[in-house]
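Engineer: Okay, here's what each chain looks like letter by letter:
Protein chains: 2
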Amino acid sequence: MEEIIYKPIGKIRTRFGKPEGIPIQPPGAEGITGKIELMPEYKKGLEDLEGFSHLILLYHCHLAGECSLLNKPFMEDKEHGIFAIRAPSRSNSIGLSVVRLEKIEGNILYLKDVDIVDGTPLLDIKLYVPQFDSREEVKIGWLEKI
Amino acid sequence: MEEIIYKPIGKIRTRFGKPEGIPIQPPGAEGITGKIELMPEYKKGLEDLEGFSHLILLYHCHLAGECSLLNKPFMEDKEHGIFAIRAPSRSNSIGLSVVRLEKIEGNILYLKDVDIVDGTPLLDIKLYVPQFDSREEVKIGWLEKI
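Residue numbers (numbering that gives the first Met the number 0), protein chains in the order written: chain U, 0 to 145; chain L, 0 to 145.
For the record, the hints were derived by calculation from the structure and aren't laboratory data. Be aware that a few hints might be false.
To be verified - The calculated lysine-lysine pairs, modelled on BS3-like cross-linking and capped at a C-alpha distance of 27 Å, are: (1) L/Lys144 <-> U/Lys102; (2) U/Lys10 <-> L/Lys6; (3) U/Lys17 <-> L/Lys6; (4) L/Lys71 <-> U/Lys42; (5) L/Lys144 <-> U/Lys111; (6) L/Lys10 <-> U/Lys42; (7) L/Lys111 <-> U/Lys102; (8) L/Lys10 <-> L/Lys34; (9) L/Lys138 <-> U/Lys43; (10) L/Lys6 <-> L/Lys102; (11) U/Lys138 <-> L/Lys102; (12) L/Lys102 <-> U/Lys71; (13) U/Lys77 <-> L/Lys102; (14) L/Lys17 <-> U/Lys6; (15) U/Lys138 <-> L/Lys144; (16) L/Lys43 <-> U/Lys71; (17) U/Lys138 <-> L/Lys111; (18) U/Lys71 <-> L/Lys42; (19) L/Lys138 <-> U/Lys10; (20) L/Lys71 <-> U/Lys138; (21) U/Lys34 <-> L/Lys138; (22) L/Lys42 <-> U/Lys138; (23) U/Lys43 <-> L/Lys42; (24) U/Lys144 <-> L/Lys102; (25) U/Lys77 <-> L/Lys144; (26) L/Lys102 <-> U/Lys6; (27) L/Lys138 <-> U/Lys71; (28) U/Lys42 <-> L/Lys77; (29) L/Lys111 <-> U/Lys6; (30) L/Lys6 <-> U/Lys6; (31) U/Lys102 <-> L/Lys71.
Please take these sequences and the hints and turn them into a complete structure.
Structural biologist: Set out below in structure tokens:
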């Protein structure tokens, strides 16, 4: 199948200069601040975003190593299929984090609950809408035992 | 910033041959079946996935038109910034849907609650884990008035 080409829309700025020591997922990063430096040409796309408390960030895990189809997650010592874990080294290394939006000043978005390494290229900002994105009665396979 | 190149890992198969008439977001598509035809070379990456009831699919909205930074969502006649709506025509047209996983047979994943057009190139499959992905006390800006 054909390759798909994306262009970063900005950079994510955080206190984490390297992947080691980054909290595991946003709940582990509660209160940790970060920001998005959106490229100025996309600023108009932020219109009416400020009333939303949570955003889904999609970003390119630029420091992720080569993908292995079986891998060990952070929380366990057993290998699982890459689609059954959330590790950043993936077939396509797209990261996803639900973060809190604190405020927007110009092309800068101030965030909380950020579990992302500094300098990460941002691909998309989506509204987090519970009706669309939240589910109940969820089974979480091997993670139930952790 | 540098371009980022991804390679589809499979295709999403649904009853929706064109974008018109597709339900708005998975909750509007409750019970609607679809499947993923994962490229056989990624099959090993499915190991231990079957115990999970919900998946986050990231896909390339290949039929999305050119991106305008202001756009009208399906539910309203007023324009908003592209990052304040969930329309498929985006700066990087990555779609995100939380779907139900029914079963896996070889490299085919059978799904429910599918709001995606047939033939869509799949970029990533992630576990949906409420602890990572679900939030409470969420404000949804202009959507509150809809």
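Engineer: Do the alpha carbons of U/Lys102 and L/Lys71 lie within 27 Å of each other, as the hint requires?
Structural biologist: holds, 23 Å
Engineer: Hey, L/Lys6 versus U/Lys6, does the alpha-carbon distance stay inside 27 Å?
Structural biologist: holds, 15 Å
Engineer: Could you grab the alpha-carbon distance between U/Lys43 and L/Lys42 and see if it respects the 27 Å cut-off?
Structural biologist: Violated: U/Lys43 and L/Lys42 sit about 41 Å apart, past 27 Å.
Engineer: Given the hinted pair L/Lys71 and U/Lys42, is their alpha-carbon gap at most 27 Å?
Structural biologist: Distance ~17 Å between L/Lys71 and U/Lys42 Cα, so the pair holds.
Engineer: Does U/Lys138 pair with L/Lys102 here, judged by a C-alpha cut-off of 27 Å?
Structural biologist: holds, 13 Å
Engineer: Mind checking the alpha carbons of L/Lys10 and L/Lys34 for me, to see if they're no more than 27 Å apart?
Structural biologist: With Cα atoms ~8 Å apart, L/Lys10 and L/Lys34 stay inside 27 Å; holds.
Engineer: Regarding the pair L/Lys71 and U/Lys138, is the alpha-carbon distance no greater than 27 Å?
Structural biologist: Not OK: L/Lys71 and U/Lys138 at ~36 Å, beyond 27 Å, violated.
Engineer: Take the C-alpha atoms of L/Lys144 and U/Lys102, compute the straight-line distance between them, and say whether it is at most 27 Å.
Structural biologist: Measuring from Cα to Cα gives roughly 21 Å; hence the hint holds.
Engineer: Does U/Lys6 lie within 27 Å of L/Lys17 when you go C-alpha to C-alpha?
Structural biologist: holds, 26 Å
Engineer: Given the proposed pairing of U/Lys77 with L/Lys144, does the C-alpha separation stay at or below 27 Å?
Structural biologist: violated, 47 Å
Engineer: Has the given pair, U/Lys77 with L/Lys102, been kept, meaning a C-alpha gap of at most 27 Å?
Structural biologist: Holds - the C-alpha atoms of L/Lys102 and U/Lys77 are around 23 Å apart, at most 27 Å.
Engineer: Take the C-alpha atoms of U/Lys42 and L/Lys77, compute the straight-line distance between them, and say whether it is at most 27 Å.
Structural biologist: holds, 18 Å
Hint compliance for this structure: hints 6, 7, 15, 20, 23, 25, 26, 27 and 29 are broken, all remaining hints hold.
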